[in-house]
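Chain by chain, the residues run as shown.
Number of protein chains: 4
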Amino acid sequence: MKVIVDFCVIPLGVELSLSPYIAECQRILDDAGLQHKLHAYGTNIEGEWDTVMEAIKRCHNRIHEMGAPRISTTLKLGTRTDREESIASKVHSVQQQLAQANG
Amino acid sequence: MKVIVDFCVIPLGVELSLSPYIAECQRILDDAGLQHKLHAYGTNIEGEWDTVMEAIKRCHNRIHEMGAPRISTTLKLGTRTDREESIASKVHSVQQQLAQANG
Amino acid sequence: MKVIVDFCVIPLGVELSLSPYIAECQRILDDAGLQHKLHAYGTNIEGEWDTVMEAIKRCHNRIHEMGAPRISTTLKLGTRTDREESIASKVHSVQQQLAQANG
Amino acid sequence: MKVIVDFCVIPLGVELSLSPYIAECQRILDDAGLQHKLHAYGTNIEGEWDTVMEAIKRCHNRIHEMGAPRISTTLKLGTRTDREESIASKVHSVQQQLAQANG
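If you read the sequences in order, they're chains A, B, C and D. Oh and the first sequence: position 13 is 12 in numbering that gives the first Met the number 0, straight run, nothing missing. Oh and the second sequence: position 73 is 72 in numbering that gives the first Met the number 0, straight run, nothing missing. Oh and the third sequence: position 82 is 81 in numbering that gives the first Met the number 0, straight run, nothing missing. Oh and the fourth sequence: position 40 is 39 in numbering that gives the first Met the number 0, straight run, nothing missing.
Heads up, a few of these hints could be off.
Remember, identical chains collapse to one label, so a pair may be satisfied in a single copy or spanning two.
As the list claims (entries may be wrong) - Below, computed lysine to aspartate or glutamate pairings styled on DMTMM-like, alpha-carbon distance capped at 25 Å: (1) Lys1 <-> Asp81; (2) Lys89 <-> Glu14; (3) Lys89 <-> Glu64.
In case anyone wonders, no lab produced these hints; they're calculated from the structure.
If we strip away everything but chain A, and leave its shape as in the complex, we get (with noise of 0.2 Å):
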């Protein structure tokens, strides 16, 4: 089963910035082999359900390791069985409809 994610970690008891823990997950995606694309409040992820989710517990494991007692994710996951969706795919139908409206 393919999903698209969009993951945002948290991790309390930290300093203010959160942008180490947040790079260090870019490089797990990375290693992990997964197309991903960061936001300014997450990052999208696709590809198939258990590698993305064993990604995802290994960036909770890291941040952990890396010193925050606490953390809070948000996930948000779409899956759908009537056709194949993408990142890139799932912009442009957006997109499509803006240019169409102002064509």
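Assemble chains B, C and D onto chain A, guided by the hints.
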């Protein structure tokens, strides 16, 4: 790794009432032996990371089987290494704070 | 427009225990005259859109005053035009489904 | 109070393709003069709290007018008092971390 989860599943392309799908997920959580508690906008779940995630995957598979071509789920995932935590203890901490302030 | 909300606020840059901040938000919701119900990963709120949103803004302002330099909140917002809905009725719909299936 | 928001709206009881609704929200955000950036699972928005919240309320009203009897929206709301922040600066912080580590 123990996790406290908030799980909110939205089947798309089905009738407006989502309660049959949510009821089915409650049964899947029961079958997995997981502690869980329904609220008006999701379900709190506590358990081992892998057990919880496996149950949530089963929910997606089952809801697709029930006829939903598309699903969007929101998860919150809380882990901590400093102490044990449960659904009951999280609610209790806040209630204790309120009782002290009013005491 | 009536809305059913799930509100989960995470103050950053403070101590690990977030219950004092969450308790303060419960008081703000009470003061606003809003129906609300705490669970282990947030608070269900029902009320008029503007009243709810004004209360949530007051929560952010108050938590900053209490010393948190940074806050990350997750909201779920449900509106519907086909029928009235409440925190109680949403939970009841699912429980009824479960009872029928077991009956 | 400035806020960075992640906004993900799901109309229910409509066709499976949600892009017409999301495109309409992009126009509403434009009309409100808000900085925003679409990603595969939502839209980042930056602006004053009241302006952003007013625009999101307009999106709900508009999507109901377009025919959706039910809407479920997920919002993330980030505020901070220690320093200014933008959609661009949040992404840049993580990219800088990654560049340093690889440098």
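Status of the hints after comparison with the structure:
| no. | hint | result |
| --- | --- | --- |
| 1 | Lys1 <-> Asp81 | within (12 Å within a copy, 33 Å between copies) |
| 2 | Lys89 <-> Glu14 | between (35 Å within a copy, 16 Å between copies) |
| 3 | Lys89 <-> Glu64 | between (35 Å within a copy, 24 Å between copies) |
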